[in-house]
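A.B. asks: For reference, the chains in residue letters:
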Amino acid sequence: MSALGRFGTAVGVPVLLCAAGLVAWIARHGGEPEPRARVERPAGGGWPRVARLSDGRQVEIPAPPERIVLASSGAVDLVSELVPPERVRAVPEQAFWFSRLREEPGAFASVERFDRFVAESVLAFDPDLVVCDPWGAPQTAARLDEAGIAVVSLGVVRGLDDVRRQTELLGGVLGVEEEASALLAELDRRIARLAERAEDRARWTAISYDNAGAGGWTAGAGTTVDEILALAGLENLSAAIGLVDHQEIGYERLLALDPDVIVVAEPSGSSFPGEGEGELAGGTEAFLRNEPVLASLRAIREDRIVAIPVRLFSTTSHEIVRGAEVLADRLDRLRERAGATPR
Amino acid sequence: MSRPARRLPALWVGAALAAILCWLLVRSTRMGSTGVHALGDSVRGALAALGLGEPLADRFLQITVELRLWRTLCAAGVGAALALSGAYLQGLFRNGLASPSVVGVNAGASLGAAVAIVLLGGYGPQALVQQGVGLAPILVTACAFVGALAVSVLVVAIASSGGRISVPRLLLVGIAINVFVSGMLAALQSLTLSDYRIARAIVSWTFGTLDDRSSTQVAMVAAGLAVSLAVAPFVARELDLYAGGEEDAQSLGVDVGRLKGLALVAAALAASTAVAVAGQIAFVGLVVPHMVRIATGASHRTLLPLSALGGAAFLLGTDLLQRHLLGDAKLQPGVVMSLVGGPFFLFLLWRARRELETW
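Taken in sequence, the protein lines are chains G and L. In this text, residue positions in the first sequence follow this note's numbering: the first is 1, and each later residue adds one. In this text, residue positions in the second sequence follow this note's numbering: the first is 1001, and each later residue adds one.
Hints in this document: simulated from the structure, not taken from any laboratory. Where is the CB? At the ideal position from N, CA and C, for every residue including glycine. Do not take every clue at face value.
[Said to hold, decoys possible] On the chain G side, residues computed to face chain L include the following (Cβ under 7 Å):
| # | residue |
| --- | --- |
| 1 | 114 |
| 2 | 212 |
| 3 | 213 |
| 4 | 291 |
| 5 | 295 |
[Said to hold, decoys possible] Here are some chain G residues the structure puts well away from chain L; computed CB gaps all over 12 Å:
| # | residue |
| --- | --- |
| 6 | 97 |
| 7 | 115 |
| 8 | 162 |
| 9 | 165 |
| 10 | 248 |
| 11 | 282 |
| 12 | 288 |
| 13 | 289 |
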């Protein structure tokens, strides 16, 4: 081997080993729980306040924010329930596809919109607070932070407990603790009503399934979809067999599970939000109904594929409860149509 | 005077590869995500799936045997097709680094698949989506095939002048078209980034997959492979003569234009069907012909068929090994081949350094 080759091997092998070690460390530590976010108030509950976030940062908020920029659909869902549109400077365009503003834009329809979450665009709105997701462009959040803008990054949402914590956090950050408490109380009432209806409904088994033409995915334990299925009174078979997070699932396993119900998302694309949806072609349901190998699945033979709007399928906010309500309604209609439970 | 490299008899290598492949086929058909089937059940179920016997009484067992059989045959067929395509192209370009991606197959297939995925997601004119809904399980493969073939034809057409294909121009045009098509794919991904399900599906397809393949996809790969293999006897000797240079080959009576055309068609067809069915699986088309060349020599009369055999065993064996080692925490075949193929290729280059004068 030449000198160059020996040098390359001497440098390259340790680099590759370090990279492998880093990957293994990420795999080992990536799922560890985040520290709990909280808001520290001065005595008497006034201002300024300090938000200690789950990403370890501290953000000082000198006064109730009045020029809020929201950078994710999850943030839009929550904040639009807590404050009037006059306090919101801008929302992302995608919020009108993937948040509650799709069906209920209300006065938020006139709030300014932006396409991409980049620092320059956001700074143009002169915000005093930016609320974003943990995975949404961390470089942008860092540049805004350096520019002196208070940036509150919401934590990862895996279920209702995370939603409650985020709601309390935002209540403190925005100075709307009463509204936040009222929202949580209303959620509890809706959850209680769902639980009553779930007892009337036999405990069907179900899985969520998503196939956009490149393999099937299902939601296991620790996902918002799992929470939706549980609230609607369904037993999530993917979680029952030990799957965690979103995992790929092949036809063989799907056939072995043979759930009573398959929950899918409606096709993402549609007429422009607000113009009504109607019957949409495409999507996972089309895939399931046209795949001959899966024709023996009970959920397909007995027409128990239930589609819920895609924004509820992928929500990271209190809209989890809305997702469960929509699912429960459609399951009840299935039951009435069938006249009997599957087992 | 240097010692000539030791070569193994091609017949022995072929017999060994065939035996290994047979063992892998049986083993892979028995393994799956719900356990290992008994040998008898797997054989009877497989024969029934091929129309050579009665189906098993247990319907679930029959279906799972069929799923595993189609996966196994796809893996073997895709590996064979990619390796054969690589052997053709390395002979045509007279360059050991040539692979199917050079003529734009991977980029075209990825773009076609992405368009189909977006269409299935409901985007686009609803009338067009309605047309595609009934084809949902095969739509992505069909669009990927059309994309792969269309881009390959475009590359060859642009690289041709006066009916003659210029190999250096083919390489340069291939690079340019690859970049452009990759840009179109990136644009599509960028526009659908906010829809995580579509974005995930497009990225996932590029990793390659052998899961849940159908008999239609197996037939597609088999057809592409069969046509490509059928061309081999007509070009093998000519490719050997062409290795000494285009002018030398012409002076020895080789119709160079016909040779280039046939080899390109065979390579593009094999690679297009393979990539359309299984996504992007790198390195098989690059590494396997090298392995065969080192073992048995550079004669295309043995290199072409043995590359096909070796590619089938290589991809199927790698897939089986990673499923055995990693279980359900599996990696996609494209990922595995990149992780395995890179270092393995370095090893081959090091072993053959005196011949290749690379070290």
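A.B. asks: Find the hints from earlier in the document that the structure breaks and name them by number, from lowest to highest.
C.D. replies: Hints 1, 5, 6, 7, 10, 11, 12 and 13 are the ones this structure does not satisfy, whereas the remaining hints hold.
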